[in-house]
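A.B. asks: What follows is the residue order along each chain.
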Amino acid sequence: NAGVTQTPKFQVLKTGQSMTLQCAQDMNHEYMSWYRQDPGMGLRLIHYSVGAGITDQGEVPNGYNVSRSTTEDFPLRLLSAAPSQTSVYFCASSTGQGWTPLHFGNGTRLTVT
Amino acid sequence: KQEVTQIPAALSVPEGENLVLNCSFTDSAIYNLQWFRQDPGKGLTSLLLIQSSQREQTSGRLNASLDKSSGRSTLYIAASQPGDSATYLCAVRKGNNDMRFGAGTRLTVKP
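So the protein sequences, as listed, match chains A and B. Okay, so the first sequence: first residue is 8 according to the numbering used here, each after it adds one. Okay, so the second sequence: first residue is -5 according to the numbering used here, each after it adds one.
For the record, the hints were derived by calculation from the structure and aren't laboratory data. One or more hints might be untrue.
Covered stretches of chain B, going by a simulated chain A footprint (3 or more residues, C-beta under 8 Å) [as the list claims (entries may be wrong)]:
1. 34 to 45
2. 94 to 101
If the Cβ cut is set under 10 Å, some of the chain A residues that face chain B in the computed set are [claimed, not checked]:
3. L52
4. Q64
5. T107
Computed list of lysine-lysine pairs in DSS-like fashion (alpha-carbon distance at most 30 Å, straight line) [unchecked claim]:
6. B:K(-5) / B:K62
7. B:K88 / B:K(-5)
8. B:K36 / A:K21
9. B:K36 / B:K88
10. B:K62 / B:K88
11. A:K16 / B:K36
Just so you know, even glycine gets a beta-carbon here, dropped at the ideal spot from N, CA and C.
Isolated chain A, as found in the complex:
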C-alpha cells in the first residue's frame, strides 16, 4: 500500500515560472490537503478538498491553485513562482471528517530563485 505519493521530491524554479506539484493517494480518502512547512514555523494549510469536484482555501492560498477531478489525485499549481514560495510542501489525506488521522506524503522541496 503506497499511501500518499508526492512528486517531484525536489524542484528548482526561476521567479515567474509555473509548475504543478503532484499528489496521489491509494486509500480512497475523501479528504486531501496541501501544507507548506517553513523553518521555525508549523505547517500551514494552503488548500483542501473534501471530495472530487470540491476544493476550498486554507490559511495561505494566495499564489496557488488546486483541482480535484478524481478521488485519488490532488495537484497543487504554482501560477507564477516567487521566492516567498520557497518551502517544503506536504500533501495529506484522511477518511471522512475531522476525527480521523491525517496521512502525509514525503514532501516536495521547492526552491524559487
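Starting from the known structure of chain A, arrange chain B on it as the hints suggest.
C.D. replies: Leaving out everything else, chain B in the frame of chain A:
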C-alpha cells in the same frame, strides 16, 4: 485564531531516560489532537490521535494526554532510544479548514 505552542524547541537526553514533550493551544473547541514524528527530509508520521472526548492514548512506549480545559497535551516517551531522535509535532484540528500545527520539538537521544 488557534495558536499552538511546543516547548521546548529542542531537547537532548541520554538513552534510557523517560521524557515529556509539551503542546499548548489557545482554543479548546477542537475535534482532536494529533502527535506526529518527522525525520529529517521526510514527511510526518502519525503517532497518536486523541479525540476531544478522550483523556489519553497509548501506543507502545508512547503515551499522550489531553486536557482540553487547560489547552494542554503531553507526549510521554518511556525508556528513550537513539532511534527516537526526530522532530515531534502536535496539531489540533477544529474542522476541515482549521488544523493548526506547532513548530515542533527536536529530540536528540544520545547513546
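A.B. asks: If a hint holds in the structure, say so; if it does not, say that too.
C.D. replies: Results of checking the hints against the structure:
1. Residues of the stretch 34 to 45 of chain B lying with their CB closer than 8 Å to a CB of chain A number 8, which satisfies the three-residue condition for coverage.
2. Coverage of a stretch by a chain is defined here by at least three residues with a beta carbon nearer than 8 Å to that chain's beta carbons; for the stretch 94 to 101 of chain B and chain A the count is 5, and the condition holds.
3. Annotation: interface hint on L52 (chain A) holds; nearest CB of chain B at approximately 6 Å, less than 10 Å.
4. The beta carbon of Q64 (chain A) is positioned within 10 Å of a beta carbon in chain B (closest approach about 7 Å), and the interface hint is therefore held.
5. The closest approach between the C-beta of T107 (chain A) and any C-beta of chain B is roughly 8 Å, which is under the 10 Å cut-off, so the hint is satisfied.
6. Distance check on the hinted pair: K(-5) (chain B) and K62 (chain B) sit about 16 Å apart at the alpha-carbon level, within 30 Å; holds.
7. In summary, the hint linking K88 (chain B) to K(-5) (chain B) is supported, as the alpha carbons are separated by about 11 Å, within the 30 Å threshold.
8. Taking the CA atoms of K36 (chain B) and K21 (chain A), the gap is near 25 Å; set against the 30 Å cutoff, the hint holds.
9. In summary, the hint linking K36 (chain B) to K88 (chain B) is supported, as the alpha carbons are separated by about 25 Å, within the 30 Å threshold.
10. Using a Cα cut-off of 30 Å, the hinted pair K62 (chain B) and K88 (chain B) holds, with the two alpha carbons roughly 13 Å apart.
11. For a cut-off of 30 Å, the pair hint linking K16 (chain A) to K36 (chain B) stands: about 10 Å separates their Cα positions.
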